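Peer 1: Sequence:
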Amino acid sequence: ARRATVDIWRAGDRLMLQVSDDGAGGATAAMSADGPAPGTGLAGLAERVEAVDGVLAVDSPAGRGTVVTAELPWRD
Numbered sequence: 056a057r058r059a060t061v062d063i064w065r066a067g068d069r070l071m072l073q074v075s076d077d078g079a080g081g082a083t084a085a086m087s088a089d090g091p092a093p094g095t096g097l098a099g100l101a102e103r104v105e106a107v108d109g110v111l112a113v114d115s116p117a118g119r120g121t122v123v124t125a126e127l128p129w130r131d
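Counting in my numbering, the sequence shown runs from 56 upward without gaps.
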């Protein structure tokens, strides 16, 4: 990727974080049985987000950029 952007905002009782780039795409947060150890890469990030009752979404079509969005509970 040559460019990346980071956006952070609050949506009601959720904190939203979004990172997007103009890279080649093809990223995934899926962890295969033979894949990387937990706690690494996007799969590890997904585990940590889920551990605090959040949701991680990855949109990364091959040949286009990637958008990773984390939705976390807002805690006052």
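For the record, the hints were derived by calculation from the structure and aren't laboratory data. Nothing here was measured: the structure is a model prediction, and the numbers come from that model. A virtual CB, placed ideally from N, CA and C, is assigned to each residue, including glycine. Among the hints, erroneous ones may be present.
Said to hold, decoys possible - Just the calculated beta-carbon pair ranges, DEER-fashion: (1) Arg57 to Trp129: 30 to 40 Å; (2) Ala85 to Asp62: 37 to 47 Å; (3) Ala85 to Arg119: 16 to 26 Å.
Peer 1: Now tell me if each hint is right for this structure.
Peer 2: Tested hints:
1. In this structure the supplied range 30 to 40 Å holds for Arg57 paired with Trp129, their Cβ-Cβ distance being about 33 Å.
2. At about 24 Å, the beta-carbon gap between Ala85 and Asp62 misses the expected band of 37 to 47 Å.
3. Distance hint check: the CB atoms of Ala85 and Arg119 are about 18 Å apart, consistent with the given range 16 to 26 Å.
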